[in-house]
Amino acid sequence: MNPISRYRDLRRAGVLGLNARNACYIMTRNQRRLYPLVDDKIQCKRMLQQRGIAVPVLLDSIRGQYEAGHLDKRLQQLDKFAIKPASGSGGDGIIVIVARRNQRWISAGGSAYSLDDIQFHVSGILNGMYSLGGQPDAAMFETLIEPAEVLKSIAPFGVPDIRVIVYRGIPVMAMMRVPTRMSGGRANLHQGAIGVGVDLVSGVTHAGVMQNHVVELHPDSGASINDFSIPDWPDLLAMAARCQQAIPLGYLGVDIVLDERHGPQVLELNARPGLAIQIANQCGLRKRLQRVDALGEPESMSLEERLACVAKIT
Amino acid sequence: MQMRHWMWLSLLLVVAGVALIIWRVEVYGYPLLPGAEDETWTVQARVRIDPEEGPVKLTLKLPDKTPGLARLREDFISRGFGLDVQDKPDQRSATWSIRRSGSSSTLYYRAQFYRDPENQAFAPVPAYPDVPRLDEPFATAMRSVTDRARQKSADIASFATAIIAEINASAPSEEISLFLNSPEYTGKKTEVAQTLLAAARIPSLQINGLLLVESERQSELTPWLAVHNEQQWLFFDPVTGDEMLPDNLLVWWLGDTPAVTARGAEITSLQWSVRRNLVTSLELAERRADEHDSGLAALSLKQLPLQAQSVYATLLLVPLGALVLVLMRNFIGLRAFGTFMPVLIALAFRETGLLAGLVLFGLVIAVGLILRMYLERLRLLLVPRLAAMVTIVVMLMLLISLFSAALEWEVGLSIGLFPMVILAMVIERMTIVWEERGPGDAMIESAGSAVITVLAYLVMGLDVVRHLVFVFPESLLVVLGLTIACGRYSGYRLTELIRFRELSISQ
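Chains A and B supply the protein sequences, listed in that same order.
Once you know that position 255 of the first sequence is 255 in the working numbering, the rest is easy, because the numbers rise by one and skip nothing.
Just so we're on the same page, the working numbering is the position in the second sequence counted from 1, plus 1000.
Calculated directly from the structure, the hints in this document are not laboratory data.
Please note that a few of the clues may not be correct.
Simulated DEER-style distance windows between Cβ atoms [stated by the list, open to error]:
#: 1; chain 1: A; residue 1: Q77; chain 2: B; residue 2: V1359; range: 33 to 43 Å
#: 2; chain 1: B; residue 1: R1488; chain 2: A; residue 2: R181; range: 38 to 48 Å
#: 3; chain 1: A; residue 1: G90; chain 2: B; residue 2: E1037; range: 53 to 63 Å
#: 4; chain 1: B; residue 1: E1410; chain 2: A; residue 2: I4; range: 43 to 53 Å
#: 5; chain 1: A; residue 1: R291; chain 2: B; residue 2: V1359; range: 52 to 62 Å
#: 6; chain 1: B; residue 1: L1315; chain 2: A; residue 2: S202; range: 58 to 68 Å
#: 7; chain 1: A; residue 1: K73; chain 2: B; residue 2: F1340; range: 27 to 37 Å
#: 8; chain 1: B; residue 1: I1444; chain 2: A; residue 2: G296; range: 38 to 48 Å
#: 9; chain 1: A; residue 1: G296; chain 2: B; residue 2: P1384; range: 50 to 60 Å
#: 10; chain 1: A; residue 1: S302; chain 2: B; residue 2: G1491; range: 31 to 41 Å
#: 11; chain 1: A; residue 1: I4; chain 2: B; residue 2: L1306; range: 43 to 53 Å
#: 12; chain 1: B; residue 1: L1315; chain 2: A; residue 2: A54; range: 29 to 39 Å
#: 13; chain 1: B; residue 1: V1459; chain 2: A; residue 2: G222; range: 25 to 35 Å
#: 14; chain 1: A; residue 1: R181; chain 2: B; residue 2: G1491; range: 54 to 64 Å
Given the structure is predicted, the values throughout are model-derived calculations rather than measurements.
Beta carbons are placed, not taken as given, at the ideal position from N, Cα and C, and that holds for glycine.
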């Protein structure tokens, strides 16, 4: 590998690097005062709800250590839920509880949690174990997402989600994150989930990437991950674009899940979305971002106009 | 606009830093490289006197201006005597005086000189001398010698050369012999030359110099002749007539008067000596800057108390370590635990050495990780858990120190200088990465941390680097400028070239 020619090739392919993402897009397009709104998932959920964007219901939240003591009463009614740190990143500190047997909660991975275990995990969250810089955090209990049945063919287990990068209000790239056994049912690429490129206009999947290698079949089920048509694709794009209106971050990652009963819901927003989406789509981001910039002032367009632009910039 | 702004700022900082360094190197001779040494010479005049009755007053001529040499410092050692230094433009001198002096005493004058090619100052230009009024037959002799010399010469320099040659000829002419054999001029060839030059109204000075050559005990004075040719001083060897000035000839005093005059005492001995010293260039430059009392030039860490000096010698390296870190993270794309952890660990390694440091560090981390796994079972809250880890780390360090003391392995003792809080945080962070992202990620981050640590250690350990930041603290301006420039790098990181290889167009 010749680093200089590789560098030029990547440049020509319009690949966005971390330094360029930070310097040219995040620092110039994302106002710092908006970060807390997305970094705190509870606050973010509230903002999205105010805009009428569907989100998974917040069952309960705990901010003070003293509240953690009364956890048993709060959990009495709950059998299925996800515990999350409100300011967590990269999926760290999330426990998904799928059932209760006697006094034990069973996680998606099959482990049993006693009340003590859950209390310990919650106090770890409150102490900032998973938050940026170890700041005190809140623990949130969210309804469990039941992935839509149609997704089972491409994602046999775990909850897949769809990440859309929205730049200045216009969706520019999307991928589906499919959990695998290796990722422990989580939709995080660095833990071994498959990143599947999605055609932005049609919502049809093409080749996926797992641990930086191109894959065409799901490693656990053997089913093809190509040519899957994501249902309600235009609605998903509209939903992603509307998130930017709720929280006006110029460079935004929107994570959407498809729930069997409630349809598409925004799981969370990300002010610093990763760059692996380029590998999943086998396409650089930079040219699309530049085409959006060439539109002038896309922020002032109506939702319909913005969505009409999607076909133009891909 | 914004683009330009950072470029100008970065450029300004780098230029300012480099300019300050160059200025101090050029003007004061601060050494760019460590270990550079310069010669200095300590010259000494030692006068012994036997006092008579009553007050004693003794005057010693002092060296002033010598082309090519500069004085660093001078000392007068004279117990009980009052001292007065006269700074007259043509002749410096020191006067020692005492009202009553019982026994014989010894007075010293000591001065230190260094080479300074820029300094070409010499005595002020004298007035044209009058033609000496001599009795016959000296007057006639003088005229015929100058006439002959004038015929053989084209200008003042060659005239002086001709005169000196005639005086020093193996078979001197009648006229010269007349001078040399007269009681007034016996053994004073330089004075004969001066008389003959004055006959042509050429100003001249007799130099009483000291050759800066280290001698066992005593040095002899070397006479030299300075002739002014209406533009500048020319120097002549009074024996050979060559026009030159040895670069190691120190001009002590001018004229034919004695160096020391005493009243109320008898001079029993007068001795000259020269000693050559080697000082570090840094020391020399600092003394020079000190003499000139230039605030910015004398800006030196050497002015701080010793303890503060050693603290800053270390602190000044941190920005460089941080720059290494920036390069590794933003240009290479290595991942590491914590932002500045590698730099702090590298600083600690300076005490232990690299290999021993890595071994000790690895040991503490490995044992700490095992104990941390055990702590996990106790379900401690975060802050108490971290506090417990700090305690455990301190105990581990103490144990290692005790063991190495028993084994008489001295390096092990210096583990006490490791930043224990950082160690505890590394263990904590490593555990979390291990559990959340798997051992693979933990290994990648550990390896990244180790590489940055080693590189930062190597850079901060370079003698040149340590010397530069210590002697030229303004080099931090350069570091800051470079760091700002690095902060605006928006190209790919080296690891991204691998990460995004599938997207490369030529694929």
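Cβ distance range 43 to 53 Å for E1410(B) and I4(A), holds or violated = This hint holds: roughly 48 Å between Cβ atoms.
Outcome for the supplied range 25 to 35 Å, where the beta carbon pair is V1459(B) and G222(A): For G222(A) against V1459(B), whose Cβ atoms are near 52 Å apart, the range 25 to 35 Å is violated.
L1306(B) and I4(A) - C-beta distance against the hinted 43 to 53 Å = Holds: the Cβ-Cβ distance is about 50 Å, inside 43 to 53 Å.
* Asked: Between L1315(B) and S202(A), does the C-beta distance stay in 58 to 68 Å?
  -> 60 Å, holds
For K73(A) and F1340(B), compare the CB-CB distance with the range 27 to 37 Å and indicate the outcome.
44 Å, violated
- Query: Cβ-Cβ distance between S302(A) and G1491(B): within 31 to 41 Å?
  - Reply: Given about 37 Å between the Cβ atoms, the range holds.
*Hint says 29 to 39 Å; check whether the CB-CB distance for L1315(B) and A54(A) agrees.*
55 Å, violated
Range first: 38 to 48 Å. Now tell me if the beta carbons of R1488(B) and R181(A) are that far apart. Once the Cβ atoms are compared, 43 Å apart, the range 38 to 48 Å for R181(A) and R1488(B) holds.
R291(A) versus V1359(B) beta-carbon gap, inside 52 to 62 Å or not | For V1359(B) against R291(A), whose Cβ atoms are near 55 Å apart, the range 52 to 62 Å holds.
Do the Cβ positions of G296(A) and P1384(B) conform to the proposed distance bound of 50 to 60 Å?
56 Å, holds
For the pair Q77(A) and V1359(B), does the Cβ-Cβ distance stay inside 33 to 43 Å? 55 Å, violated
Cβ separation of R181(A) and G1491(B), checked against the hinted range 54 to 64 Å:
38 Å, violated
Hint compliance for this structure: hints 1, 7, 12, 13, 14 are broken, all remaining hints hold.
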